[in-house]
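Build out the structure end to end from the sequences listed, making use of the hints.
Going by my numbering, the sequence shown opens with residue 359, and the numbers climb by one from there.
It is worth saying that the hints were derived from the structure and are not from the lab. There could be a bad hint or two in this list.
Straight-line distance between alpha carbons at most 20 angstroms, and here's what the computed DMTMM-like set of lysine to aspartate or glutamate pairs gives [said to hold, decoys possible]:
1) Lys770 - Asp809
2) Lys828 - Asp579
3) Lys770 - Asp429
4) Lys435 - Asp493
5) Lys400 - Asp809
6) Lys828 - Asp504
7) Lys770 - Glu402
8) Lys597 - Asp679
9) Lys463 - Asp579
10) Lys400 - Asp679
11) Lys597 - Asp548
12) Lys836 - Asp671
13) Lys770 - Asp420
14) Lys435 - Glu446
15) Lys597 - Asp656
16) Lys435 - Asp467
17) Lys463 - Asp436
18) Lys463 - Glu584
19) Lys463 - Asp493
20) Lys770 - Glu513
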Amino acid sequence: MIKLRILVFAIVVLAMGGTLVSLNGCGGTSGGSPPPPPPPGKIEHVVVIFQENRSTDNLFQDPVLIGRGADLAQSGKDSHGNTIQLQEVSLQVNYDPGHSHGAFKAMCDLNSATGQCRMDGADLIPVSCPTGMQDYCTFAYVNPSDVQPYFQLAEQYTFADRMFQTNQGPSFPAHQFIISGTSAPSIGSDLFAAENPNNPNGGTPNAGCDAPAAYTVKLIDPTGSETANNPIYPCFEHKTLTDLLEENGNTWRYYSPGTSPPPPLHGSPAIWNGPEAIQHICGPNLPPPNGTACVGSDWTNHVILNQTQVLTDITNNQLQDVSWVIPSGQASDHPGGTIDTGPSWVASVVNAIGNSPYWANTAIFITWDDWGGWYDHVPPPQVLVNCAPAQWGCGYVYGFRVPLIVVSPYAKAQYISHQQHDFGSILKFVETTFSLPSLGYADAVADDLSDCFNFNQTPLQFQTIPAALKAQDFLNDKTPPTDPDDD
Numbered sequence: 359m360i361k362l363r364i365l366v367f368a369i370v371v372l373a374m375g376g377t378l379v380s381l382n383g384c385g386g387t388s389g390g391s392p393p394p395p396p397p398p399g400k401i402e403h404v405v406v407i408f409q410e411n412r413s414t415d416n417l418f419q420d421p422v423l424i425g426r427g428a429d430l431a432q433s434g435k436d437s438h439g440n441t442i443q444l445q446e447v448s449l450q451v452n453y454d455p456g457h458s459h460g461a462f463k464a465m466c467d468l469n470s471a472t473g474q475c476r477m478d479g480a481d482l483i484p485v486s487c488p489t490g491m492q493d494y495c496t497f498a499y500v501n502p503s504d505v506q507p508y509f510q511l512a513e514q515y516t517f518a519d520r521m522f523q524t525n526q527g528p529s530f531p532a533h534q535f536i537i538s539g540t541s542a543p544s545i546g547s548d549l550f551a552a553e554n555p556n557n558p559n560g561g562t563p564n565a566g567c568d569a570p571a572a573y574t575v576k577l578i579d580p581t582g583s584e585t586a587n588n589p590i591y592p593c594f595e596h597k598t599l600t601d602l603l604e605e606n607g608n609t610w611r612y613y614s615p616g617t618s619p620p621p622p623l624h625g626s627p628a629i630w631n632g633p634e635a636i637q638h639i640c641g642p643n644l645p646p647p648n649g650t651a652c653v654g655s656d657w658t659n660h661v662i663l664n665q666t667q668v669l670t671d672i673t674n675n676q677l678q679d680v681s682w683v684i685p686s687g688q689a690s691d692h693p694g695g696t697i698d699t700g701p702s703w704v705a706s707v708v709n710a711i712g713n714s715p716y717w718a719n720t721a722i723f724i725t726w727d728d729w730g731g732w733y734d735h736v737p738p739p740q741v742l743v744n745c746a747p748a749q750w751g752c753g754y755v756y757g758f759r760v761p762l763i764v765v766s767p768y769a770k771a772q773y774i775s776h777q778q779h780d781f782g783s784i785l786k787f788v789e790t791t792f793s794l795p796s797l798g799y800a801d802a803v804a805d806d807l808s809d810c811f812n813f814n815q816t817p818l819q820f821q822t823i824p825a826a827l828k829a830q831d832f833l834n835d836k837t838p839p840t841d842p843d844d845d
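The following block contains the structure:
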């Protein structure tokens with residue numbers, strides 16, 4: 359039986375990808391010794407800003423990046439073989455393309471003979487297109503004027519055009535991967551959460567060890583089947599990166615929007631709050647599935663249900679060694695809403711760090727949790743892992759591309775990274791930086807993003823990123839955060 363240690367981070371194990379890449383050994387892409395950490399003192403803080411639902415072609419139609427060789431397409435093929443030009447839309451369009459695992463399969467359109475996605479099924483993704491857009495509203499790119507802070511960051515620092523989701527579906531499994539490299543329910547499982555949880559009453563999905571007992575999440579098995587498996591309660595138990603940090607004496611915080619609604623929301627949008635679905639972090643007040651609140655020490659000490667506190671923590675010199683920063687719905691870049699403050703929100707966090715003493719030793723990773731159902735032209739690669747000494751193979755396929763911007767005084771300036779990255783790469787960077795062991799999931803075979811850095815360069819001087827809203831605007835905004843509305 360294939361060992362879980364490598365397989366567990368694969369949402370689906372089947373030939374549904376593109377280029378076949380062979381990675382030998384469990385410690386990285388070379389099969390040799392782990393890469394050395396950054397020199398002492400170079401990186402002492404890592405901040406992961408996790409936005410929502412954008413593909414690389416959709417969000418970054420930036421002529422400057424294209425001129426530097428970034429792989430960005432302005433057109434794509436539909437399921438009838440027609441060439442469709444991407445049309446310009448606002449960041450906050452009034453529709454939300456489907457982005458379930460089923461939508462992934464539709465857009466991929468596997469060529470069984472080659473084992474590669476044809477990438478011609480974006481017109482088959484479930485979506486209610488506005489009048490006049492027919493079936494092609496997933497073939498779209500965001501108006502560049504709406505996302506100039508992102509362009510400024512990507513142009514000044516490192517932009518990666520080969521960053522892939524590790525999973526093939528929506529937000530809930532993606533937020534599990536960004537803290538632990540897997541969406542498996544438990545150690546030893548060969549099943550993985552593939553979708554957002556089901557709300558039996560309709561409306562906003564919920565998850566976590568304090569969710570109502572009737573909530574369930576679909577699982578996918580190594581054959582790629584969801585229907586063969588019974589859905590389970592969305593409360594999992596296995597190690598996460600936060601455990602490795604604590605065992606090493608490092609500090610962490612997870613900033614997430616929080617409200618005080620009646621059940622079943624329980625104070626946070628759980629599909630965007632990874633720790634809420636990890637039992638030993640949540641510490642539910644009653645054994646699952648009967649819990650109604652997370653009360654564990656890790657939860658109360660490290661999970662901050664106020665995303666804007668990251669701004670005051672930076673100002674008050676309280677930034678932790680590793681921070682995850684999750685936006686409110688209004689600032690998430692999620693389509694189908696009414697407010698598009700995401701670029702300003704990200705700029706406010708980056709500017710707070712850049713204009714503080716933390717700039718000297720911080721690495722910031724800005725990425726998006728899933729592709730959101732938007733067209734992207736790059737087929738996700740299939741990866742074959744051969745792990746000594748057993749020498750058995752595990753094939754798995756990434757999800758579609760999402761953008762990645764790397765910001766740091768040691769990030770390569772005006773650089774396009776064409777190397778293959780995924781969410782496990784961010785975990786691997788943290789492990790390498792703080793000399794942590796591997797979790798043995800997606801991090802075990804991911805690269806460590808070292809091509810995005812030059813620790814011998816003269817540190818880059820920070821330049822404030824212009825944005826429509828400033829940090830104080832977010833700190834003074836008392837509007838309750840909107841909740842996830844993922845399908």
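Status of the hints after comparison with the structure:
1. Taking the CA atoms of Lys770 and Asp809, the gap is near 8 angstroms; set against the 20 angstroms cutoff, the hint holds.
2. Distance check on the hinted pair: Lys828 and Asp579 sit about 45 angstroms apart at the alpha-carbon level, beyond 20 angstroms; violated.
3. A threshold of 20 angstroms between alpha carbons decides the hint, and for Lys770 with Asp429 the separation of about 18 angstroms falls inside it, so the pair holds.
4. Taking the CA atoms of Lys435 and Asp493, the gap is near 13 angstroms; set against the 20 angstroms cutoff, the hint holds.
5. A C-alpha spacing of about 16 angstroms is found between Lys400 and Asp809, which places the hinted pair at or below 20 angstroms, so the restraint holds.
6. Restraint check for Lys828 and Asp504: satisfied, since their Cα atoms lie roughly 16 angstroms apart, inside the 20 angstroms limit.
7. For the given pair, Lys770 sits about 18 angstroms from Glu402 by alpha-carbon distance, which is consistent with the 20 angstroms threshold.
8. Only pairs whose Cα atoms come within 20 angstroms are accepted, and Lys597 paired with Asp679 is accepted, the gap being roughly 18 angstroms.
9. Of the pairs offered as hints, the one joining Lys463 and Asp579 holds, with about 15 angstroms between alpha carbons and a cut-off of 20 angstroms not exceeded.
10. Restraint check: the Cα-Cα separation between Lys400 and Asp679 comes to about 13 angstroms, which is no more than 20 angstroms; the hinted pair holds.
11. Annotation: proposed proximity of Lys597 to Asp548 holds, straight-line Cα distance about 16 angstroms (limit 20 angstroms).
12. Distance restraint check for Lys836 and Asp671: the Cα-Cα separation of roughly 18 angstroms lies within the 20 angstroms cut-off, and the hinted pair is therefore satisfied.
13. Of the pairs offered as hints, the one joining Lys770 and Asp420 holds, with about 18 angstroms between alpha carbons and a cut-off of 20 angstroms not exceeded.
14. For the proposed pair Lys435 and Glu446, the alpha carbon gap of about 17 angstroms is at most 20 angstroms, so the pair holds.
15. Under the criterion of a C-alpha separation no larger than 20 angstroms, the hint pairing Lys597 with Asp656 is consistent with the structure, at around 13 angstroms.
16. Taking the CA atoms of Lys435 and Asp467, the gap is near 11 angstroms; set against the 20 angstroms cutoff, the hint holds.
17. Simply put, Lys463 and Asp436 have alpha-carbon atoms about 14 angstroms apart, close enough for the 20 angstroms limit, and the pair holds.
18. For the proposed pair Lys463 and Glu584, the alpha carbon gap of about 12 angstroms is at most 20 angstroms, so the pair holds.
19. Under the criterion of a C-alpha separation no larger than 20 angstroms, the hint pairing Lys463 with Asp493 is consistent with the structure, at around 17 angstroms.
20. At roughly 11 angstroms between alpha-carbon atoms, Lys770 and Glu513 fall within 20 angstroms of each other, so this suggested pair holds.
Of the numbered hints listed earlier, the single one contradicted by the structure is hint 2.
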